Amino acid sequence: MVTEEVKATRVVDARGSVCPGPLMALIGAVREQKVGDVIAVYSGDTGSRTDIPLWVKKAGHELVGVVDRAGYAEFVVRKMR
Amino acid sequence: MKRVVVLGGGVGGTIVANVLAKKAKDAEVTLVDRTGKHVYQPGFVYVAFDKMRPEKIVRDERKLLRRRVTLLLDEAVRVDAAGKLVHLKSGRSLPYDYLVIATGSRLAPEEFPGIEGAHHFYSTEAALKLRAALESFPGGRIVITVGGIPYKCPPAPAESACLLDYFFARRKMRDKVDIHFLSPLGRVFPIESVNPAVTKIFESKGIRYTTFFNAERIDVQNKIVHSLEGEAVPYDLLILIPPHHGATFAKESGLTDAGGWIPTDKYTLEAKGHEGSIWAIGDTTDIPISKAGATAHYEAKVVAENIASLVRGEPPTARYDGKVMCFCDAGHRRGIALRFDYEHPPVPPPLGRKWYLGKMILNRLYWYIVPKARA
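Chains as they are written, first to last, in my numbering: chain A, 235 to 315; chain B, 275 to 649.
The following block holds chain A by itself, in its conformation from the complex:
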């Protein structure tokens, strides 16, 4: 499991937040955290599967992994810059 290998500095539970909620919750957390921090975002929104990886790539951060959980997905992102 990704989160067992990489410990998240911050967990953002954006379940129940409709599109584009989880992506904006992640962006808000990236703004606030330090370079090198790891952020885990929980999203139940299917749009996040495309939105979050695309944004992470464009913004120059690292998508450490995506883990399927019961009824939601966990996106683990490391702030790189």
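Source of the hints: derived by calculation from the structure; they are not laboratory data. Owing to the predicted nature of the structure, the values given are computational and were not obtained by experimental measurement. Treat each hint with caution, since some may be false.
Partial chain A-side listing against chain B, Cβ under 10 angstroms, derived [to be verified]:
{"#": "1", "residue": "257"}
{"#": "2", "residue": "258"}
{"#": "3", "residue": "261"}
{"#": "4", "residue": "262"}
{"#": "5", "residue": "264"}
{"#": "6", "residue": "265"}
{"#": "7", "residue": "268"}
{"#": "8", "residue": "281"}
{"#": "9", "residue": "284"}
{"#": "10", "residue": "285"}
{"#": "11", "residue": "288"}
{"#": "12", "residue": "289"}
{"#": "13", "residue": "293"}
{"#": "14", "residue": "294"}
{"#": "15", "residue": "305"}
{"#": "16", "residue": "315"}
Note that CB positions come from ideal geometry on N, CA and C, so glycine has one too.
Starting from the known structure of chain A, fit chain B onto it as the hints suggest.
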């Protein structure tokens, strides 16, 4: 006699107070508003584009309220939820049985570095300043973006891009103006189902757009807006919607999340942890739907209905289904209408004259219909 206190004299608070004054005869209804002036905020953009006079978008709150509602020109500084008391700036304390928080969102420009280099249209003063800048604009690049999410009225920035196109087309100088829209999301319009229609409108009007642009700071001297993603866009005139937060007193009363929004049950609109005594409506809540008068309007009726039931000793049964209905002006006397709820995303009808007329009619008839809960 049950005491109902409503904080905020915007569209939501005014409707709640008026419906209760009519339906809950055994309640004492007090509305607290800082200014006593009711502002029709959808009019701001029309002030900026010189289509409405500033005095047409403001009225005395007292004149919009039923006689049974007591209006206090004051401001909440703290809510004591355990003691069921609202402490006011004047030093007075208001006891309540039922409290409705409808204090909207506040602009926080101080949080955005370099915002003095940008315009916006989220207040009458800012809209007039933008109007003057547009009137004297010699041509060049106009950039539109937002300083953070959430912000009031998600379609407003895209609507302003369309109105810029129309404004300069009417002045026969559209070819001298490059309109560039910077979206924080991976698409132009926040609501996915409406995005293809808005993208098509942008393309037909020659409005350029960049996605995943989360504005971070403005280099005022060199007229460049920088993003969190590392991009830099130069401008001659920048429109940047300031960051929004919830009311300060709610945060200081321990009623909000980190962003200053009140955690609220999306169906009953009760503040979580304060069921049966505190309700939140409009921009104030953390519900992930549009922060707009069109939302507060429908929420207010549900809350008023439920408090009226409680006053009568009946169980509250009204539920908010997420209904929102609004018109968006696409310029050139065309518009689209958006209707949606929690279960049904909006399916925009084609761009048409009648939706534009719908908006124009609302701009004029708002005062007679909406605050008085006649629609």
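Broken hints, by number | The structure conflicts with hints 7 and 15, although it agrees with all the remaining ones.
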